[in-house]
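Each chain, letter by letter, is given below.
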Amino acid sequence: AQSVTQPDIHITVSEGASLELRCNYSYGATPYLFWYVQSPGQGLQLLLKYFSGDTLVQGIKGFEAEFKRSQSSFNLRKPSVHWSDAAEYFCAVGSNSGNTPLVFGKGTRLSVIA
Amino acid sequence: KAGVTQTPRYLIKTRGQQVTLSCSPISGHRSVSWYQQTPGQGLQFLFEYFSETQRNKGNFPGRFSGRQFSNSRSEMNVSTLELGDSALYLCASSPPATGPYGYTFGSGTRLTVV
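Going line by line, the protein sequences match chains F and L.
Residue numbers for the first sequence follow my numbering, so the first one is 1 and each next one is one higher.
Residue numbers for the second sequence follow my numbering, so the first one is 1 and each next one is one higher.
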């Protein structure tokens, strides 16, 4: 069965500092991987996704993520965080074998301080 | 282009009552999936409908049900509400042939059971 672990429940970074959010997945085959962001009271917005090919994926809002098969990881990064990036971030894994639903991690809440 | 619309946004119900939530997908999207989001369990998949047929179902009791209409709008129903059903209910629609990999989420319905 697929599973996703986001080890950090809450992270606080200073505005302008770099950011890395961790995601580890468990899946037997090549996974489809996603990062979503959720602002308070809102739904989830897709930041980026990985299906195959280049293991460094660029997304919206200046985010990128790197797929590392050997570490079963798909960490999200941003070189310089803005106050508006404060939100909750979810990593998700999907199967490449049909219309199975995404499995989400429990999320990492990001706080940004001045 | 209108997004995914969920109504109502907020709902307060009494234990034992039943509730119906609505989701209108993006025009042209035929798949609608429902997720329950709680602080303790995170995002959990409820079910997915495609062309009026339930295509996938999560591990929830039979009190949770859904349906999809010919215009792709979907409703979910929870009967005999319990306190633990308090959650943010999110729906996501996706275009044909993308399945869950093309999710666009609505802003959710916040259900509070008292």
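Incorrect hints may appear among the rest.
Non-contacting residues of chain F with respect to chain L, defined by C-beta distances greater than 10 Å in every case (computed) [as the list claims (entries may be wrong)]:
# : residue
1 : ARG69
2 : GLN71
3 : ASN99
4 : THR100
Straight-line distance between alpha carbons at most 30 Å, and here's what the computed DSS-like set of lysine-lysine pairs gives [stated by the list, open to error]:
#  : chain 1 : residue 1 : chain 2 : residue 2
5  : F       : LYS106    : F       : LYS68
6  : F       : LYS49     : F       : LYS61
7  : F       : LYS106    : F       : LYS61
8  : F       : LYS49     : L       : LYS13
9  : L       : LYS13     : F       : LYS68
10 : F       : LYS49     : F       : LYS68
11 : F       : LYS106    : F       : LYS49
12 : F       : LYS106    : L       : LYS57
13 : L       : LYS57     : L       : LYS13
Simulated restraints, written as ranges between beta carbons of each label pair [as the list claims (entries may be wrong)]:
#  : chain 1 : residue 1 : chain 2 : residue 2 : range
14 : L       : SER86     : F       : ALA114    : 41 to 49 Å
15 : L       : THR80     : F       : GLN42     : 47 to 55 Å
16 : L       : LYS57     : F       : GLY53     : 27 to 35 Å
17 : F       : SER80     : L       : ARG73     : 39 to 47 Å
18 : L       : LYS57     : F       : ILE60     : 28 to 36 Å
Calculated directly from the structure, the hints in this document are not laboratory data.
What you are looking at is a predicted structure, and each value in this text was computed from that prediction instead of being measured.
All C-beta atoms in this analysis are idealised placements derived from N, C-alpha and C, irrespective of residue type, glycine included.
Taking the hints in turn, this is what the structure says about them:
1. No Cβ of chain L comes within 10 Å of the Cβ of ARG69(F); the nearest lies about 19 Å off, and the non-interface call holds.
2. Separation of GLN71(F) from chain L is adequate, the least Cβ-Cβ distance of about 22 Å exceeding the 10 Å criterion.
3. Distance to chain L contradicts ASN99(F) as a non-interface residue, since its nearest Cβ pair spans about 4 Å, not more than 10 Å.
4. A cut-off of 10 Å between C-beta atoms contradicts the statement that THR100(F) is not in contact with chain L; the least separation is 7 Å.
5. Restraint check for LYS106(F) and LYS68(F): satisfied, since their Cα atoms lie roughly 20 Å apart, inside the 30 Å limit.
6. For the given pair, LYS49(F) sits about 14 Å from LYS61(F) by alpha-carbon distance, which is consistent with the 30 Å threshold.
7. The straight-line distance between the Cα atoms of LYS106(F) and LYS61(F) is roughly 22 Å, inside the 30 Å bound, and the hint therefore holds.
8. With a C-alpha separation of about 37 Å, the suggested pairing of LYS49(F) with LYS13(L) is violated against the 30 Å cut-off.
9. Among the hinted pairs, LYS13(L) with LYS68(F) is inconsistent with the structure: their alpha-carbon atoms are about 45 Å apart, more than 30 Å.
10. Distance check on the hinted pair: LYS49(F) and LYS68(F) sit about 14 Å apart at the alpha-carbon level, within 30 Å; holds.
11. With a CA separation close to 18 Å, the supplied pair LYS106(F) and LYS49(F) stays within the 30 Å bound.
12. For the given pair, LYS106(F) sits about 20 Å from LYS57(L) by alpha-carbon distance, which is consistent with the 30 Å threshold.
13. Between LYS57(L) and LYS13(L) the alpha-carbon distance is near 25 Å, which keeps this suggested pair within the 30 Å criterion.
14. At roughly 34 Å, the beta carbons of SER86(L) and ALA114(F) sit outside the given window of 41 to 49 Å.
15. Checking the proposed 47 to 55 Å range against THR80(L) and GLN42(F) shows it is violated: the Cβ atoms sit about 29 Å from each other.
16. The supplied range of 27 to 35 Å is met by LYS57(L) and GLY53(F), whose beta-carbon atoms lie about 32 Å from each other.
17. Checked against the given bound of 39 to 47 Å, the beta carbons of SER80(F) and ARG73(L), roughly 42 Å apart, stay inside it.
18. At roughly 32 Å, the beta-carbon separation of LYS57(L) and ILE60(F) lies within the given 28 to 36 Å, and the hint holds.
Checked against the numbered hints listed earlier, the structure breaks hints 3, 4, 8, 9, 14 and 15; every other hint is satisfied.
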